[in-house]
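Chains A and B supply the protein sequences, listed in that same order. All residue numbers for the first sequence refer to this note's numbering, where the first residue is 1 and numbers rise by one. All residue numbers for the second sequence refer to this note's numbering, where the first residue is 1 and numbers rise by one.
Be aware that one or more of the hints could be misleading.
[Said to hold, decoys possible] Only pairs whose alpha carbons sit at most 27 Å apart, straight line, appear in this in silico DSSO-like list of lysine-lysine:
| # | chain 1 | residue 1 | chain 2 | residue 2 |
| --- | --- | --- | --- | --- |
| 1 | A | K124 | B | K3 |
| 2 | B | K134 | A | K69 |
| 3 | A | K124 | A | K92 |
| 4 | B | K40 | A | K69 |
| 5 | B | K3 | B | K124 |
| 6 | B | K40 | B | K168 |
| 7 | B | K134 | B | K68 |
| 8 | A | K92 | B | K68 |
| 9 | B | K177 | B | K154 |
| 10 | B | K154 | B | K40 |
| 11 | B | K3 | B | K68 |
| 12 | B | K124 | B | K40 |
[Claimed, not checked] Ranges of calculated distance between the beta carbons of each label pair, as one might list FRET restraints:
| # | chain 1 | residue 1 | chain 2 | residue 2 | range |
| --- | --- | --- | --- | --- | --- |
| 13 | B | F123 | A | A110 | 51 to 61 Å |
| 14 | B | N39 | A | S89 | 52 to 62 Å |
| 15 | B | N39 | A | E31 | 48 to 58 Å |
| 16 | A | E63 | B | A6 | 35 to 45 Å |
| 17 | B | A6 | A | W100 | 25 to 35 Å |
| 18 | B | K68 | A | C41 | 51 to 61 Å |
Because the hints were derived from the structure by calculation, they are not lab data. Even glycine gets a Cβ: it sits at the ideal position worked out from N, Cα and C.
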Amino acid sequence: MKILFKICFCSLLFLAHLGLAQEILEQRVFEIARQLRCPVCRAESAADSSAETSQEFRQIIQEQLEAGKSEAEILAFFRERYGDWILLSPPKEGLHLLVWLLPIIAGLIALIVLAMLMQRWLRKSREHVVVSDQDRLEVGRALEHFNNQKEQN
Amino acid sequence: MVKRFAYVLIPLALLAALLFYGMSRNPDRRDNVRSALSNKPVPAFDLATFDAYQQEYGQSLGIGEGFKGPLVINFWASWCPPCRDEAPVLERLWQDYQDDLLILGINTQDPQAGNAEAFLDEFKLSFPNVRDEKSRVSIDYGVLGLPETFFIRKDGTLSFRHAGPLTKDIFEREVAKILQ
Chain A
1 MKILFKICFC
11 SLLFLAHLGL
21 AQEILEQRVF
31 EIARQLRCPV
41 CRAESAADSS
51 AETSQEFRQI
61 IQEQLEAGKS
71 EAEILAFFRE
81 RYGDWILLSP
91 PKEGLHLLVW
101 LLPIIAGLIA
111 LIVLAMLMQR
121 WLRKSREHVV
131 VSDQDRLEVG
141 RALEHFNNQK
151 EQN
Chain B
1 MVKRFAYVLI
11 PLALLAALLF
21 YGMSRNPDRR
31 DNVRSALSNK
41 PVPAFDLATF
51 DAYQQEYGQS
61 LGIGEGFKGP
71 LVINFWASWC
81 PPCRDEAPVL
91 ERLWQDYQDD
101 LLILGINTQD
111 PQAGNAEAFL
121 DEFKLSFPNV
131 RDEKSRVSID
141 YGVLGLPETF
151 FIRKDGTLSF
161 RHAGPLTKDI
171 FEREVAKILQ
């Protein structure tokens, strides 16, 4: 009886292990497929699409994972056939680097321009204002005019 | 004044031009995507021939190591309307060019073999056709949509990939290059 119990327990443990391994493998397949474009769809990844080609993509990914290939090797397999176009995010190398760097460069330029403008505004605000006698006379006249109108009302 | 702001205006104009270029591109157009196989040896394959061609071409057809062209490979499916448009064009071209090169039709992304056979019957295609049941060959060739035609040189390297229905003009222009 004890031996039977042990056999049952070990079998259950083995089946649970198999199930878990399969689930992890499927997760890895979808993780990699999410980085690939479905070649026959519009704006869909190979993970989201149910097109026959996308299903085959996932099958190929699974076969290559089972054969011990790394994620980089699997992505390289698809790039060899479809070019960089197949990747949903452009690779961080060569001309594609521009896509990643341009927003940072644009942000830096904006910050530099803003800093220069603020410096100019601050410099202007600190400058001593020179008021001539003529200016004082004109302001005095305007105030007198304003007070007169106020009294009349 | 314009000179003073040039350092802001020029990068802004460049970014606007980049944005305009990106927005004006049609995501449905795939004929402007260059094949990753251009000027490289094309992948080998061996696929089952449709029954109608077995007597003349054997049970399977493909290209192996050391393959020598010239060859025109056309990927098609029975459900694809542009494939129906180009089928009669391809048949006429085969009649004109069969002494100079081989045209090989590859039926792909077509779940029902019966539909593909009906297509071949309907258009009376006399050049050999094979079936890529699991779409593996179309994946090896980086096919983006159907139909697509690959023009392969005598040395087995890819000269040109045409996405979309083939016309006589495109065929003749590209065939002249692979026959050189």
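Practice problem: Find the hints from earlier in the document that the structure breaks and name them by number, from lowest to highest. | Solution: Hints 3, 5, 8, 11, 12, 14, 15, 16, 18 are the ones this structure does not satisfy, whereas the remaining hints hold.
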